[in-house]
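> Line by line, the protein sequences are chains A and B.
Each step along the first sequence adds one to the number in the working numbering, with nothing skipped, and position 111 is 203.
Each step along the second sequence adds one to the number in the working numbering, with nothing skipped, and position 4 is 96.
I should point out that these hints are in silico values taken from the structure, not numbers from a laboratory.
Treat the hints with care, as some may be off.
As the list claims (entries may be wrong) - Under 8 Å between C-beta atoms, here's a sample of chain B residues computed to sit facing chain A:
| id | residue |
| --- | --- |
| 1 | A451 |
| 2 | V454 |
| 3 | A474 |
Small disclaimer: the values here were computed from a predicted structure and weren't measured.
Here a beta-carbon is modelled for each residue, glycine too, at the ideal position from N, C-alpha and C.
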Amino acid sequence: MQVSDPPPPPSAVPLPLRGRIPTLSELFAASPRDSGWAGFLLPQIDRSKPVLWVQERMGILESGRVYPPGLGQADILHVEARDARDALWAMEEGVRCSALSAVIGELWGDPAALDFTATRRLAVASECSHVPCWLVRLGGIANLSGARMRWRVASAPSLLNVLDSRAPGLPTWDADLFRARGYPPGRWTVAHDSGAFHLVAGSGGRALGEEQRLTA
Amino acid sequence: MPALAVERWAKSSDLPPDAPVVLTVEGTHGPIIHAVTKAAAGRGARRGARLTDARALDPALIAVPADPAGDGALLQRLAKWAQRWSPLVEVDGPDGLRLDVSGVAHLFGGEAALTQDVIDRFAVIGLTARVAIAPTAAAAWALARFPSPRRGEGLVAQLAPLHVSALRLGPDTVRTLERLGLKTIGALAALPRLTLARRFRGAENVIDALDRALGRKPEPLTGLADSPPPRASLRLEEPATHVEAAEQALDRLIPKLVIELEGRHLGARRLSLHGFRVDGSVVSASVATAIASREPKHLARLLGDKAAALDPGFGFDAFALVADWTEGLGAAQESLVEEPSGTRDLARLIDRLSVKLGASAVRKPQPFESYLPERASGWVAAVSSPRFRGEGDQRSRWRGPSVALRAPPPLQMQGRRPSRLLDRPEAIAVIYATPEGLPRRFVWRRAVHDIARVEGPERIAPEWWRERSTARLRDYYRVEDHAGRRYWIFREGLIGDGRGGAPNWYLHGLFG
Numbered sequence: 093m094q095v096s097d098p099p100p101p102p103s104a105v106p107l108p109l110r111g112r113i114p115t116l117s118e119l120f121a122a123s124p125r126d127s128g129w130a131g132f133l134l135p136q137i138d139r140s141k142p143v144l145w146v147q148e149r150m151g152i153l154e155s156g157r158v159y160p161p162g163l164g165q166a167d168i169l170h171v172e173a174r175d176a177r178d179a180l181w182a183m184e185e186g187v188r189c190s191a192l193s194a195v196i197g198e199l200w201g202d203p204a205a206l207d208f209t210a211t212r213r214l215a216v217a218s219e220c221s222h223v224p225c226w227l228v229r230l231g232g233i234a235n236l237s238g239a240r241m242r243w244r245v246a247s248a249p250s251l252l253n254v255l256d257s258r259a260p261g262l263p264t265w266d267a268d269l270f271r272a273r274g275y276p277p278g279r280w281t282v283a284h285d286s287g288a289f290h291l292v293a294g295s296g297g298r299a300l301g302e303e304q305r306l307t308a
Numbered sequence: 093m094p095a096l097a098v099e100r101w102a103k104s105s106d107l108p109p110d111a112p113v114v115l116t117v118e119g120t121h122g123p124i125i126h127a128v129t130k131a132a133a134g135r136g137a138r139r140g141a142r143l144t145d146a147r148a149l150d151p152a153l154i155a156v157p158a159d160p161a162g163d164g165a166l167l168q169r170l171a172k173w174a175q176r177w178s179p180l181v182e183v184d185g186p187d188g189l190r191l192d193v194s195g196v197a198h199l200f201g202g203e204a205a206l207t208q209d210v211i212d213r214f215a216v217i218g219l220t221a222r223v224a225i226a227p228t229a230a231a232a233w234a235l236a237r238f239p240s241p242r243r244g245e246g247l248v249a250q251l252a253p254l255h256v257s258a259l260r261l262g263p264d265t266v267r268t269l270e271r272l273g274l275k276t277i278g279a280l281a282a283l284p285r286l287t288l289a290r291r292f293r294g295a296e297n298v299i300d301a302l303d304r305a306l307g308r309k310p311e312p313l314t315g316l317a318d319s320p321p322p323r324a325s326l327r328l329e330e331p332a333t334h335v336e337a338a339e340q341a342l343d344r345l346i347p348k349l350v351i352e353l354e355g356r357h358l359g360a361r362r363l364s365l366h367g368f369r370v371d372g373s374v375v376s377a378s379v380a381t382a383i384a385s386r387e388p389k390h391l392a393r394l395l396g397d398k399a400a401a402l403d404p405g406f407g408f409d410a411f412a413l414v415a416d417w418t419e420g421l422g423a424a425q426e427s428l429v430e431e432p433s434g435t436r437d438l439a440r441l442i443d444r445l446s447v448k449l450g451a452s453a454v455r456k457p458q459p460f461e462s463y464l465p466e467r468a469s470g471w472v473a474a475v476s477s478p479r480f481r482g483e484g485d486q487r488s489r490w491r492g493p494s495v496a497l498r499a500p501p502p503l504q505m506q507g508r509r510p511s512r513l514l515d516r517p518e519a520i521a522v523i524y525a526t527p528e529g530l531p532r533r534f535v536w537r538r539a540v541h542d543i544a545r546v547e548g549p550e551r552i553a554p555e556w557w558r559e560r561s562t563a564r565l566r567d568y569y570r571v572e573d574h575a576g577r578r579y580w581i582f583r584e585g586l587i588g589d590g591r592g593g594a595p596n597w598y599l600h601g602l603f604g
């Protein structure tokens with residue numbers, strides 16, 4: 093895929109985090125009580141056009157409703173879907189609308205409506221209309237999916253706050269790209285500052301499974 | 093409808109049709125007769141008489157309480173149903189409907205055929221209707237209630253032999269006129285106007301009533317819309333009972349409506365499809381759009397599912413498609429090449445989502461001037477209805493076209509806000525070093541979070557102009573646990589603030 097690009101230095105920010113790729117990405121929250129994924133996802137969204145944000149009712153109860161003042165200057169169109177079927181339908185309608193900058197859909201658990209066909213449809217529609225689609229899974233397991241990129245994102249301890257050493261600093265995330273089409277998978281600890289993702293010192297460049305090997 | 097109350101009562105009663113029944117309402121001195129059946133009328137019962145007087149004539153009368161409110165509701169429904177003949181229908185008094193049929197009669201094959209059609213249709217649903225068509229509303233009122241012996245002549249000639257009470261005057265005025273020997277409208281009209289004007293002044297102006305009946309003075313229908321909403325209607329040869337009828341009718345009505353909208357440079361914001369059933373009931377389906385539209389494909393797609401769900405009951409015999417909320421929409425060429433326009437595409441997306449999931453499920457943020465986090469960010473339906481717009485205007489926070497999703501600038505925020513907020517703050521158990529100090533550890537949903545970093549407090553005082561005096565202040569803390577998960581927790585109240593016991597802790601938001 094990326095033959096023409098020069099090979100990135102090993103410690104550089106991974107390619108998927110350097111540009112916006114209009115495709116279906118699946119994002120697994122490490123835990124429903126961890127919304128670090130939102131901080132990881134939001135910088136990757138183009139703010140010039142509205143965002144369709146679909147939430148399932150169960151997800152709203154468990155991990156809260158989107159709160160616009162905390163999202164910066166994003167235009168949001170919020171859909172509160174009754175169940176996963178409605179949520180997937182709304183996402184597909186949104187993905188076909190090129191007036192949106194992105195579609196974010198949160199699904200709770202492993203609903204029956206979310207099968208390979210549904211994800212595949214989203215992926216194809218997203219690539220046709222060039223609207224990035226993010227399928228966020230809260231408390232679900234990674235089974236068969238048509239998503240082009242699959243992330244597992246957890247919050248990581250924040251960086252030192254130079255103004256107040258007791259206060260949380262710049263947020264960091266532990267992002268695990270465990271399946272990607274056209275990109276090497278990997279695991280990085282990243283922070284977002286002044287418009288770009290940065291690797292946090294001491295992480296990156298680790299091979300897949302290295303952590304498991306070390307703990308074994 | 094001279095016998096509306098009795099006929100409505102008769103439909104739901106078990107008594108034999110020839111029972112001498114009177115319907116009564118409570119008056120100052122006991123029950124007063126409101127309506128009578130034919131049998132009761134034959135025994136001397138009259139409308140407006142006291143029940144005791146009528147019982148004196150015939151003790152066998154059966155008195156049943158009347159239901160004027162129910163009659164009124166029925167009349168309202170009938171008025172809606174009568175829109176099958178004309179778009180302009182007004183409820184006239186407790187037992188009458190007034191239709192503006194100017195330019196309508198030829199659709200039904202002339203005035204006589206229209207009259208017959210109205211009588212027949214009302215007869216089918218079991219109501220007696222007396223129908224009159226006249227050049228003025230007052231004359232129609234008179235002729236419907238007092239049949240003229242001279243049918244088919246000019247208006248003045250038709251009205252002349254009628255009793256003066258046909259002018260809709262008060263009972264006192266009628267009595268005075270009778271005492272003066274002026275029994276008919278003809279006799280009244282023959283008098284010089286000046287003498288009449290001198291004798292009858294104020295509210296009971298006989299000249300006015302006469303002029304209204306003869307068309308010398310305008311009498312507009314109340315609720316007359318300046319421009320009636322764009323409307324397309326379809327009458328079926330015979331009732332359609334199959335489920336697809338409404339959908340098929342829609343396919344034929346939409347092009348008609350679109351032509352009318354185009355002619356008037358309007359776009360529909362809300363569309364209603366009314367199905368008129370043979371039994372005199374009307375069912376409706378309506379959809380709203382986020383942007384004025386008159387594109388047939390889009391409108392058909394929005395209304396199609398709802399039309400298919402209309403219950404035909406005993407069968408539809410007419411349909412009407414009304415754009416009851418429109419906005420100006422000039423003739424616009426989208427583009428020479430097939431390039432989708434952002435605003436329009438977004439509006440269509442909102443329409444489709446709102447129609448399928450419900451307008452209240454598809455919303456956009458609406459900032460609100462408040463310091464309380466849950467109140468500072470409200471939501472409005474993306475398809476804003478007129479009611480919603482009114483509310484927005486009151487706060488004067490809502491400007492610009494309804495499609496613009498960009499919100500007005502929010503209140504100056506003091507601290508950072510989380511990206512997610514729980515609808516209700518959830519109570520947590522907190523361990524802290526000192527009562528006023530920083531939290532150290534908390535339990536949320538049965539899991540312990542050790543706090544590694546904390547920032548705060550950000551104090552938000554209660555809005556005393558909105559809340560009760562017992563509302564407590566909130567101290568918000570931004571905390572991070574050892575795993576790096578960041579939360580927004582607050583302590584409600586202070587120790588010894590005199591507004592309750594020990595302060596409670598809540599978790600309110602999650603940071604990204």
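> Which numbered hints does this structure break?
1
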